[in-house]
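A.B. asks: The primary structure of each chain is shown beneath.
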Amino acid sequence: MYIIIVGGGNVGYNLVKSLMNTDHELLILEKNRVTHRTIAEELGEVAMQGDGCEVRIMEEAGVGRADVVVAATGDDEDNLVICQMAKMKFNVPRTIARIHDPRNEALFHRLGIDSIVSSTKIIHNLIEQEIECGDVIPLAALRRGNIEILEIDLGRKSPVLDKDISQINLPPSALIISIIRQNEAIIPGANTIFQDGDSVIALVHADNEPEFREVFAERHGA
Amino acid sequence: MNVIILGCGRVGSTLARMMYYDKHDVTVIDLVSESFRRLGNKFKGQRIIGNGMDEDVLKRAGIEKCDVFISVTQGDNRNIMVAQIAKEVYGVKKVITRINDPIRADTYRSLDIITICGSTILSGIMRDFINTNEWLMEKDYNREYLSLNV
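These protein sequences, in sequence, are chains A and B.
Position in the first sequence (from 1) plus 29 gives the number in the working numbering.
Position in the second sequence (from 1) plus 1 gives the number in the working numbering.
Hints in this document: simulated from the structure, not taken from any laboratory.
Incorrect hints may have been included.
Chain A side only, calculated, beta carbon under 10 Å to chain B, not exhaustive [what the hints assert, rightly or not]:
#, residue
1, C82
2, V84
3, R94
4, V97
5, E106
6, V110
7, M117
8, P122
9, L136
This one's a predicted model, so the numbers in the text were calculated from it and none came from an experiment.
Don't be surprised by glycine CBs; every beta carbon is placed ideally from N, CA and C.
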């Protein structure tokens, strides 16, 4: 594959380095001359100097035959335009944008960007996993439909213990897809009883997440 | 009309004064309060300090009820992004943005966003003036603006 990375900051530079030993053909575009020279001295011809939002530079870089364009600059708006220009002008099949403000994720999807990476959100989720032990952990979000995959570890005080799925009041737009019990995944039926130590994996519409949390999580301080 | 102008530089502030003079409800957004000095003391429209890429700021400016949204910040890409937020997320009917790069201006024009490329307009006017010694614009906007005394 031909992969073009726009932005030679820490993310772009380390991404190129980590892809160097693969079979992919690589190019990294950096606007700043000084930064470009530093990268070029180490990595040689994979580095090219120029503004990745400019069509002339994109043509020179061969965006037209790229399989993937990764926009990894420090500005969300630049990353959006890089990906959109790659799509609209050059029909690049896959565009990946780095974003800083996690609130831009939905917008970028809506505006046609294929994949979005938000380090802010990843770190946020990690922190949430750490501090909300025994609570609801967001595992992933599906791109369309605003649906999240959640994991919830049932503690000793969870209100659903010893009940089966038919006895609990699941919010609308929530589906329990699996229960992990002692490292084994169970596909639950209507009669599966929740036990202490279970991890429940569920699909939940984002709007119903608080209600879902309410059903399973032990009441803090209660 | 409810008009929101993002970016209070020379273009943003001049347009704000013109639209205010025409009795429209004008809201101007800029990152720094200093920029609002360009509006002069006759402008009584709303001024909002904040980042126009932040939807909370846009909501505060009343984007949900605005008829026209104009983005004229320094950055082409910022203008493009906010114009798309106005169009796609808030469904603003008329969205106008300045894009100085002619190719980008042309590309985004196809997305139902009115793009104005200052560099080609100015160059065209200058070339025509060189060739004909006449201003071929329909109106002399500069003289008109100065005569408004706003």
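A.B. asks: Would you mind marking each hint as holding or not holding in the structure?
C.D. replies: Hint by hint, here is what the structure shows:
Hint status for A:C82 relative to chain B: holds, with the closest Cβ pair at about 6 Å, below 10 Å. Evaluation of the A:V84 hint against chain B yields a held restraint, the C-beta minimum of about 5 Å falling below 10 Å. About 19 Å separates the beta-carbon of A:R94 from the nearest beta-carbon of chain B, more than 10 Å, and the hint is not met. Interface restraint check: A:V97 against chain B, minimum CB-CB distance 20 Å, threshold 10 Å, status violated.
For the restraint placing A:E106 at the interface with chain B, the shortest Cβ-Cβ distance is roughly 4 Å, inside the 10 Å limit, so the hint holds. The restraint placing A:V110 at the interface with chain B holds, with a minimum CB-CB distance near 4 Å, inside the 10 Å limit. Given the 10 Å rule on beta carbons, the hint for A:M117 holds: about 6 Å separates it from the nearest Cβ of chain B. At about 18 Å, the closest approach between the beta carbon of A:P122 and any beta carbon in chain B exceeds 10 Å, and the interface hint on this residue is violated.
Residue-level restraint check for A:L136 holds (minimum Cβ-Cβ distance to chain B is 6 Å; threshold 10 Å).
Hint violations for this structure: numbers 3, 4, 8, all remaining hints satisfied.
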